[in-house]
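Trainee: If you want the building blocks of each chain, they are given just below.
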Amino acid sequence: LAKTTQPISMDSYEGQEVNITCSHNNIATNDYITWYQQFPSQGPRFIIQGYKTKVTNEVASLFIPADRKSSTLSLPRVSLSDTAVYYCLVGDSWGKLQFGAGTQVVVTP
Amino acid sequence: NAGVTQTPKFQVLKTGQSMTLQCAQDMNHNSMYWYRQDPGMGLRLIYYSASEGTTDKGEVPNGYNVSRLNKREFSLRLESAAPSQTSVYFCASSQGVTAYEQYFGPGTRLTVT
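So the protein sequences, as listed, match chains S and L. Here the first sequence stands for residues 57 to 165, where the numbers follow the numbering used here. Here the second sequence stands for residues 155 to 267, where the numbers follow the numbering used here.
Hints listed in this document are in silico derivations from the structure and should not be mistaken for laboratory results. If you're wondering where the values come from, they're calculated on a predicted model, not measured in any experiment. Careful, some of the hints might be misleading.
[Stated by the list, open to error] Below, in silico cross-link-like pairs of lysine to aspartate or glutamate (EDC-like), each with a Cα-Cα straight-line distance of 20 angstroms or less:
id, chain 1, residue 1, chain 2, residue 2
1, S, K110, L, E255
2, L, K163, L, E227
3, S, K108, S, D148
4, L, K168, L, E233
5, S, K152, L, E213
6, S, K108, L, E255
7, L, K211, L, E227
8, S, K125, S, D148
9, L, K211, L, E233
10, L, K163, L, D192
11, S, K110, S, D87
12, S, K59, L, E213
13, S, K152, L, E206
14, S, K110, S, E73
15, S, K152, S, D87
16, L, K163, L, D180
17, S, K110, S, D123
18, L, K225, L, D180
19, S, K152, L, E255
20, S, K59, S, D148
21, S, K125, S, D87
22, L, K225, L, D210
23, L, K211, S, D148
24, S, K152, L, D210
[What the hints assert, rightly or not] Ranges between beta-carbon positions, derived for each pair:
id, chain 1, residue 1, chain 2, residue 2, range
25, L, P162, S, K110, 42 to 48 angstroms
26, L, Q176, S, N81, 36 to 42 angstroms
27, L, P193, S, T112, 32 to 38 angstroms
28, L, S234, S, V111, 44 to 50 angstroms
29, L, P215, S, S65, 27 to 33 angstroms
30, L, S205, S, G156, 23 to 29 angstroms
31, L, E255, S, A84, 17 to 23 angstroms
32, L, K211, S, A157, 18 to 24 angstroms
33, L, P215, S, A157, 18 to 24 angstroms
34, S, S135, L, Q176, 32 to 38 angstroms
35, S, Y107, L, T267, 43 to 49 angstroms
36, S, G156, L, S238, 16 to 22 angstroms
37, S, E114, L, M181, 19 to 25 angstroms
Every residue, glycine too, gets a C-beta built ideally from N, C-alpha and C.
Required output: the full structure, derived from the provided sequences and hints.
Mentor: Now the structure itself:
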């Protein structure tokens, strides 16, 4: 299983861009990279998924370098409502994926 | 369209009691999952069902049993609850085990005394 490492916490101010980097040195050829967001007392919510290069949706961007040993989730112009835990997952089947402790992002005014 | 629903929302059990957590989805998804989340930690997969009629163990299956009743419903049973099973339990579903967007229910907060 490809293990992931991400920072425990990050602080930001409203309006700034937040970049969370996840390391996955042992990523396999068939593995995809997926990010989830979790608010307190709620289940996680899918944010974005990618295999290589850059993926962008209405919520975030995901940057994946050519070697795929890391990935960076970018949250543009964060607001207070983006305060949450963000999880990076790597794998090719949900039966084998593991959620780590995630990164607690705190946005302040 | 309710998505994923879970019952009950809260439950308190005494050690040794049994109970079943219910989960249902109305998105016609093939795969369903049960996770537990302990304070300050990420989710851990207990069991999953890739498709109707199949179930497989996840990372922490001991002390639990599951039933995929039909395509919509996936239940989790604790036969003899222990304090170590105090946790928040989440059910989720997806189109298939290789589909990366899972949809989660609101969770069941279980306390075992």
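Trainee: Confirm or reject each hint.
Mentor: Here is how each hint holds up against the structure:
1. In summary, the hint linking K110 (chain S) to E255 (chain L) is supported, as the alpha carbons are separated by about 18 angstroms, within the 20 angstroms threshold.
2. Only pairs whose Cα atoms come within 20 angstroms are accepted, and K163 (chain L) paired with E227 (chain L) is accepted, the gap being roughly 16 angstroms.
3. Between K108 (chain S) and D148 (chain S), the direct Cα distance comes to roughly 14 angstroms. Compliance with the 20 angstroms bound is thereby established for this hinted pair.
4. Among the hinted pairs, K168 (chain L) with E233 (chain L) is consistent with the structure: their alpha-carbon atoms are about 12 angstroms apart, no more than 20 angstroms.
5. Under the criterion of a C-alpha separation no larger than 20 angstroms, the hint pairing K152 (chain S) with E213 (chain L) is consistent with the structure, at around 8 angstroms.
6. Our distance criterion of 20 angstroms between C-alpha atoms is met by K108 (chain S) and E255 (chain L), whose separation comes to about 18 angstroms.
7. A distance of roughly 17 angstroms separates the Cα atoms of K211 (chain L) and E227 (chain L); the hinted pair therefore holds under the 20 angstroms criterion.
8. A C-alpha spacing of about 15 angstroms is found between K125 (chain S) and D148 (chain S), which places the hinted pair at or below 20 angstroms, so the restraint holds.
9. With a CA separation close to 16 angstroms, the supplied pair K211 (chain L) and E233 (chain L) stays within the 20 angstroms bound.
10. The suggested pairing of K163 (chain L) with D192 (chain L) holds, with an alpha-carbon distance near 16 angstroms, which does not exceed 20 angstroms.
11. Restraint check for K110 (chain S) and D87 (chain S): satisfied, since their Cα atoms lie roughly 16 angstroms apart, inside the 20 angstroms limit.
12. In summary, the hint linking K59 (chain S) to E213 (chain L) is supported, as the alpha carbons are separated by about 14 angstroms, within the 20 angstroms threshold.
13. Distance hint between K152 (chain S) and E206 (chain L) is fulfilled; the C-alpha atoms sit about 19 angstroms from each other, no more than 20 angstroms.
14. Our distance criterion of 20 angstroms between C-alpha atoms is met by K110 (chain S) and E73 (chain S), whose separation comes to about 17 angstroms.
15. Of the supplied pair hints, the one linking K152 (chain S) and D87 (chain S) holds, its CA atoms being roughly 11 angstroms apart against a limit of 20 angstroms.
16. Of the supplied pair hints, the one linking K163 (chain L) and D180 (chain L) holds, its CA atoms being roughly 18 angstroms apart against a limit of 20 angstroms.
17. Of the supplied pair hints, the one linking K110 (chain S) and D123 (chain S) holds, its CA atoms being roughly 13 angstroms apart against a limit of 20 angstroms.
18. For the hint linking K225 (chain L) to D180 (chain L), the alpha-carbon distance of about 9 angstroms falls within 20 angstroms, and the restraint holds.
19. Proposed proximity of K152 (chain S) and E255 (chain L) is supported: the alpha carbons are some 15 angstroms apart, at most 20 angstroms.
20. Between K59 (chain S) and D148 (chain S) the CA atoms are separated by roughly 13 angstroms; this keeps the pair inside 20 angstroms, and the hint holds.
21. Pair hint K125 (chain S) plus D87 (chain S) holds up; C-alpha atoms about 11 angstroms apart against a cutoff of 20 angstroms.
22. For the proposed pair K225 (chain L) and D210 (chain L), the alpha carbon gap of about 15 angstroms is at most 20 angstroms, so the pair holds.
23. Using a Cα cut-off of 20 angstroms, the hinted pair K211 (chain L) and D148 (chain S) holds, with the two alpha carbons roughly 17 angstroms apart.
24. Restraint check for K152 (chain S) and D210 (chain L): the C-alpha separation of about 11 angstroms stays at or below 20 angstroms, so the hint holds.
25. Look at P162 (chain L) against K110 (chain S): about 43 angstroms separates their beta carbons, and that is inside 42 to 48 angstroms.
26. As the Cβ distance of Q176 (chain L) to N81 (chain S) is approximately 40 angstroms, the hint placing it in 36 to 42 angstroms holds.
27. Separated by about 34 angstroms at the C-beta atoms, P193 (chain L) and T112 (chain S) satisfy the suggested range of 32 to 38 angstroms.
28. Take S234 (chain L) and V111 (chain S): their Cβ atoms lie about 46 angstroms apart, and the range 44 to 50 angstroms holds.
29. In this structure the hint that P215 (chain L) and S65 (chain S) lie 27 to 33 angstroms apart at CB holds, the actual value being about 31 angstroms.
30. In this structure, S205 (chain L) and G156 (chain S) meet the distance hint of 23 to 29 angstroms, their C-beta atoms being roughly 27 angstroms apart.
31. Against the hinted window of 17 to 23 angstroms, the Cβ-Cβ separation of E255 (chain L) and A84 (chain S) comes to about 20 angstroms, which satisfies the hint.
32. A beta carbon spacing of about 22 angstroms between K211 (chain L) and A157 (chain S) agrees with the range 18 to 24 angstroms that was offered as a hint.
33. Distance hint check for P215 (chain L) and A157 (chain S): the Cβ-Cβ separation is about 21 angstroms, which falls inside the suggested range of 18 to 24 angstroms.
34. With their beta carbons about 36 angstroms apart, S135 (chain S) and Q176 (chain L) fall inside the hinted range of 32 to 38 angstroms.
35. Take Y107 (chain S) and T267 (chain L): their Cβ atoms lie about 46 angstroms apart, and the range 43 to 49 angstroms holds.
36. Roughly 21 angstroms separates the CB atoms of G156 (chain S) and S238 (chain L), a value that falls within the hinted 16 to 22 angstroms.
37. Checking the proposed 19 to 25 angstroms range against E114 (chain S) and M181 (chain L) shows it holds: the Cβ atoms sit about 21 angstroms from each other.
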